[in-house]
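Listed below, chain by chain, are the residues.
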Amino acid sequence: MTSSAALTWFARHEIRLAWREGMAMMTAGRRLRKRSTVIWLLVFAALMHLAAYAVIGRFADLDGLLDKPTLIVITACAFLGWALMLSQAIESVTRVFYARADLDLIMSSPVALANVFSVRIAAIALTVIMMALLLSTPFVNVLVLGGGPRWFAAYGVVIAIGLSTAAVAVAVTVALFRTIGPSRTRLVAQIVAAVIGAGFVIALQIAAILSYGTLSRFAVLTSDAAAMVAPDLDSLLWWPARAMLGDTEALVWLLAAGLVLLGITMAVYSPRFADYVIRVSATAAPAHRGHGTRPFRAGSRQQALRRKEFVLLWRDPWLVSQTLMQLLYLIPPALMLWRSFADNSAAILLITPVIVMAAGQLAGGLAWLTICGEDAADLVTTAPLPASRVTRAKIEVVLIAIGAIFAPLVLALLFASPPQAAVTALGVAVAAASATAIQLWFRVQARRSQFRRRQTSSRLATFAEAFSSIGWAATSALALAWPAVAVVTGLMTAGILAATWKISPERG
Amino acid sequence: MKHVQQPSALELRGLTKRFDRPAVDALDLTIHVGEFYALLGPNGAGKTTTLRMVAGLLRPDAGSVSVLGIDALGDPVAAKQITAWVSDEPMIYDKLTPLEYLEFVAGLWGIDPAIAEPSARELLGSLGLEPHLHERCEGFSKGMRQKVALAGALVHDPRLIILDEPLTGLDAVSARHVKKLLQDRVRAGCTVIMTTHILEVAERMADRIGVIASGRLIAEGTLSELRQQNGRNDTSLEDMFIALVDVETEAA
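Keeping their order, the protein sequence lines are chains A and B.
So for the first sequence, my numbering puts the first residue at 1; every next one is plus one.
So for the second sequence, my numbering puts the first residue at 509; every next one is plus one.
If we strip away everything but chain A, and leave its shape as in the complex, we get:
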């Protein structure tokens, strides 16, 4: 096989793997019938288009001559997209370093490794772009339908962003590799990837709260202060926004810049990738050493289970990054709470649904890790205690963890408004209990390392968990503002839970 033929062959192989991985993510590894797949996709696409219309339908008429606030908002949205794609790309790059089963084969094959890794970097870019196109298509379509074909240029911006994020992700991962070593890069990269996208949104929210006393992210972007600091209208900074609005010249430059950046990254890093991979293989994970002198602790069998779960949760890097994300989202409401002591703002009511929503989501993740993610399932099943007691101990762990995380916020709220604190506490308890129950009804035994894919194991459970958290968050907010309406939303959410239970495998 010639060098170019080998390269083409490897590119095809990479695309096939990426395609199958993407399909597995969407179908949870199950074979779907063609008809049901098409129906699902159509329903999903329709819903996404409706959501997109609700969010940006009114902006379709924007023309090329824009003021600074509008350019700032569009640029910030593009940057948010860039940050989210970067987090996805960093994760893909770490997989290239650490997926050893695949790499052993490649490294031992008689091919030019620089070429192979160039293809792999290109495949990462392609995967990130495809994912971004998939998610952005409804939004661009809505803009095209409302504002004309010039909005098609937005697809080009998405591609340019994808190219640049793949390039930056490789550089960031290699930089981490060099500064903190191969053994720590994976964990740090995972955490960086998890918080990078959320960080930008939260930073905007924090700035809005501190400056304007509102949770709206747009308050900062559309403010006079931002317009004053922002560069002139002819600045390069606005090129992504201009390109999105149909400026062909800006679009061509953006695409060219993205391609050049990726090309340079491939040229610089591909020849060294093999060395990095060898260093990963040669470097064993650092031996974490525990307490040498602590004696075995006495206690009941459930206590042993609870202790084990707490230790594993505490030591789980995925959970650390996920929890960090959830806690980051809690910073804005916490700040809001702090501000409200000073000005007695009615906006404090907004804190309750945010806390309840975060509690529901976090409880879902924790419940999956403790109830489904059991690495020694055989051991626990062959232990001499009834399955119900094992389950109870695991549920207790989830509820205790949620209590420990959210109690300080509820306590702080108690000083501001005792009734609101009571409603928030109740909302947190109900949302956490509901999310845990859903995980219990849809439990599928898995390894903890599969946490990333938990949402694809049962889409129904994922949607039910999200709707339940949203429902209880809305109910808590309404309980403070319009208690009569809260009864209706509460009953609706309970109805969703009842319907979920009815169709769950646990009942069947």
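One thing to keep in mind: the hints can contain errors.
If you want the footprint, here are the derived chain A segments under chain B, 3+ residues with CB under 8 Å [claimed, not checked]: (1) 302-316; (2) 369-383.
Partial pick of chain A residues on the chain B-facing surface, computed with a CB cut under 10 Å [claimed, not checked]: (3) Pro295; (4) Phe296; (5) Arg297; (6) Ala298; (7) Gly299; (8) Pro386; (9) Arg448; (10) Ser449.
Just so you know, these hints were derived from the structure itself, not from any lab.
Where is the CB? At the ideal position from N, CA and C, for every residue including glycine.
Use these hints to put chain B onto chain A, whose structure you have.
This is chain B only, laid out in the frame that chain A set:
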């Protein structure tokens, strides 16, 4: 004087499990207390399914399982209290140290910490894991993980030890440690039932050998009894095993 008959360590009667096809087909099996029993069979013969049903990991479609006189299907908790299970794929927690893992197992089986801790240290030491007592298992090789799992199975002093391919992934020295540990347990009155594809291990260690194919026991006895059944006194276990399985395959 009235003679009190000691119950068998394991008694299976009509044990049946069906997936797409019968995996275990009305299996009858009796293993005596203090016996080292090797269960052999080709891939897919039903060995692991049988052992998983005994350990309480699978519910049989029909039949009974008695562990030292305890009905394991009627009172699974009592049966599990005296049973240990080790699979070929060591399932341990990456984020726990071997000592923490054994502390957890001892806690699950309700063993007094004052007894469990010295026992855990001794077991891990005898398996060559002394230098790694406080290291998390995430960096361990498969052999080391297998030894941690085995130590976990023994820390609660079980009376019936069920092992599914326990020597997979172990080096020669580790395999010898494990074999010695199991033989010591048998000498102390414990019963061991083990599946293995290493016929030499079965030949050297087992008091009795059972050969299973298509979910049914096709031969059973001591090595000399099996030779007699086979009609050749000088034949190896490997030759007998292949002959038995071939006959069964042709019959099927």
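I'd like to know which numbered hints this structure contradicts. Please list them from smallest to largest. Those not satisfied: there are none.
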